[in-house]
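Please model the complete structure; the sequences and the hints are all you need to start from.
Each chain is listed here by its residues.
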Amino acid sequence: MEEKILEILAEKCGVEPEDLKEDMDIDLFEEGLLDSFAMLGLLVDFDEQLGVKIEITELERSEINTPNKVIECLSKRG
Amino acid sequence: MVPFDSLIWFYILIAALIPAAVLGFLGKPIKYYGAVVTFLFLLLIFNTPTKFLYLSLFAVWQLALVKVFPLVLKKINKRPILWLFVLLSLVPMLINKFRVEIGGSVFGILGLSYLSFRAIQVIIDTYDGLIGKIKVFDFLYFILFFPCISSGPIDRSRRFTKELETPYSKEEYRELFEKGVWKLFAGAFYNFVLSNLIYSYWLTPLDKGFLADVSYMYGYTLFLFFNFAGYSLMAIGTAHILGVKLPDNFNMPFAALDMKDFWSRWHISLSTWLRDYVYSRFVMSALKGKWFKNPYTASYIGYVITMMTMGLWHGLETHYIVYGAYHGLLMCVNDILDNKVKGFKKLKRNPKWQPLFCLITIHLFSFGLLIFSGRLF
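Top line first, the protein sequences correspond to chains L and B.
Residues in the first sequence are numbered from 1 upward in steps of one, following this note's numbering.
Residues in the second sequence are numbered from 1 upward in steps of one, following this note's numbering.
Heads up, some of the hints might be wrong.
[Stated by the list, open to error] Quick list of simulated restraints, FRET-style, between CB atoms:
{"id": "1", "chain 1": "L", "residue 1": "ASP23", "chain 2": "B", "residue 2": "TYR201", "range": "51 to 61 Å"}
{"id": "2", "chain 1": "L", "residue 1": "SER75", "chain 2": "B", "residue 2": "ASN47", "range": "52 to 62 Å"}
{"id": "3", "chain 1": "B", "residue 1": "GLY129", "chain 2": "L", "residue 2": "LEU50", "range": "11 to 21 Å"}
{"id": "4", "chain 1": "B", "residue 1": "ARG349", "chain 2": "L", "residue 2": "MET24", "range": "16 to 26 Å"}
{"id": "5", "chain 1": "B", "residue 1": "ILE336", "chain 2": "L", "residue 2": "LYS12", "range": "13 to 23 Å"}
{"id": "6", "chain 1": "B", "residue 1": "TRP83", "chain 2": "L", "residue 2": "SER62", "range": "23 to 33 Å"}
{"id": "7", "chain 1": "B", "residue 1": "LEU376", "chain 2": "L", "residue 2": "ASP23", "range": "49 to 59 Å"}
[What the hints assert, rightly or not] Covered stretches of chain L (chain B as the covering partner; in silico rule of three or more C-beta atoms under 8 Å from a C-beta of chain B):
{"id": "8", "region": "40 to 52"}
{"id": "9", "region": "55 to 68"}
[Claimed, not checked] Part of the chain B face toward chain L, derived, beta carbon under 7 Å:
{"id": "10", "residue": "ASP128"}
{"id": "11", "residue": "ASP276"}
{"id": "12", "residue": "SER280"}
{"id": "13", "residue": "VAL283"}
{"id": "14", "residue": "MET284"}
{"id": "15", "residue": "LEU287"}
{"id": "16", "residue": "LYS288"}
{"id": "17", "residue": "SER299"}
The set of hints was computed from the structure by calculation and includes no laboratory data.
C-beta: ideal position from N, C-alpha, C; glycine also.
Pasting the structure below:
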């Protein structure tokens with residue numbers, strides 16, 4: 001599951017999963033890897049590929065701004 | 001009585017806030033007292049039988065909708081039901097905006113568009129399964145909470161009710177109170193001193209003509225900022241003292257680097273509401289349904305729809321519609337520059353270039369506000 005999440009996330013950020021693994025607490029928005037539009041695409045991908053449905057209004061940005069938080073957030077719902 | 005407008009309002013307000021502060025400093029919940037104060041202030045604000053009747057009808061109508069909606073959803077959980085209920089919730093505002101004349105304006109109550117947005121948020125969140133059962137008291141207190149009734153900020157129901165359930169400790173309240181008093185005074189200074197001075201000495205004496213229009217553009221932008229940000233601060237400050245941490249509505253808009261940044265700093269509670277409930281929902285539906293070949297198209301159309309909604313929300317007059325279209329276009333251009341022009345985003349982060357970005361953004365939104373003011377139409 002974790003691998004798959006990272007794969008989807010990396011694709012949206014335009015990097016390799018290995019790059020993300022280097023720093024799992026990096027702020028994806030501050031680094032310019034994600035913006036709000038990419039975030040929406042990410043939620044759609046999680047729904048379609050992992051069957052985890054998350055509404056954008058469920059989350060504060062601070063709850064999903066690093067790879068670790070993304071994984072944590074999805075595992076809680078998965 | 002117009003909220004936050006006269007000395008007498010402030011006398012009554014201060015008298016009403018003292019018991020709230022006493023409760024807060026004792027670490028007791030303020031919500032029931034806050035509800036009584038809200039009711040009394042509603043009587044003062046909606047001070048004719050007709051106005052109060054409209055307000056009551058509005059509240060009962062919205063309450064009925066949020067109560068019936070989950071029951072209907074249990075039987076038929078389909079998206080068109082959501083659309084139907086959003087539309088029903090908009091009915092009073094639509095009646096008012098189209099000014100169906102039956103002996104004067106109908107539902108001409110202060111803050112109608114703000115009230116409607118708060119109610120719609122509850123309906124959409126219920127559809128998303130984010131709100132379980134909403135209590136009558138919580139709902140009415142949320143939509144009618146008097147400090148923000150006429151001009152926002154537009155709070156979110158889940159934040160609001162969560163706060164009602166967990167009252168602040170004495171220490172937390174002290175901090176909230178201090179912030180509240182500060183915001184109330186800062187807001188009064190913005191609104192009564194700065195915005196009034198600009199209005200009387202800058203805007204009023206202006207003649208007609210191109211140069212006057214240019215001067216009006218700068219003056220009106222500053223006037224509106226101090227007027228509206230000041231009003232928001234007074235509302236937020238009052239709410240803080242009543243133990244409700246209303247979200248901030250302005251955050252140094254003149255420091256915005258681009259239009260996207262501007263909308264995260266100006267009338268924040270409206271722009272984030274539109275972002276969450278119009279733009280994001282549209283884009284996610286479009287991506288899921290693969291409506292467009294290029295995913296960015298979804299974003300561009302989303303921006304135009306969102307900004308047009310914002311324009312129409314202000315009113316149906318031409319200048320509001322043009323204002324919405326203008327901002328929709330700017331957001332698209334903003335996005336295209338960010339995505340297509342290599343190094344553009346990097347340039348924006350470079351401190352040497354930032355003053356230039358700021359200056360351009362100020363002019364873009366000031367021109368927008370000149371459209372908004374209606375002076376050109």
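Hint check results:
no. : hint                           : verdict
1   : L:ASP23 - B:TYR201: 51 to 61 Å : holds, 54 Å
2   : L:SER75 - B:ASN47: 52 to 62 Å  : holds, 55 Å
3   : B:GLY129 - L:LEU50: 11 to 21 Å : holds, 18 Å
4   : B:ARG349 - L:MET24: 16 to 26 Å : holds, 24 Å
5   : B:ILE336 - L:LYS12: 13 to 23 Å : holds, 20 Å
6   : B:TRP83 - L:SER62: 23 to 33 Å  : holds, 32 Å
7   : B:LEU376 - L:ASP23: 49 to 59 Å : holds, 51 Å
8   : 40 to 52                       : holds (count 6)
9   : 55 to 68                       : holds (count 4)
10  : ASP128                         : holds, 5 Å
11  : ASP276                         : holds, 5 Å
12  : SER280                         : holds, 4 Å
13  : VAL283                         : holds, 5 Å
14  : MET284                         : holds, 5 Å
15  : LEU287                         : holds, 4 Å
16  : LYS288                         : holds, 5 Å
17  : SER299                         : holds, 5 Å
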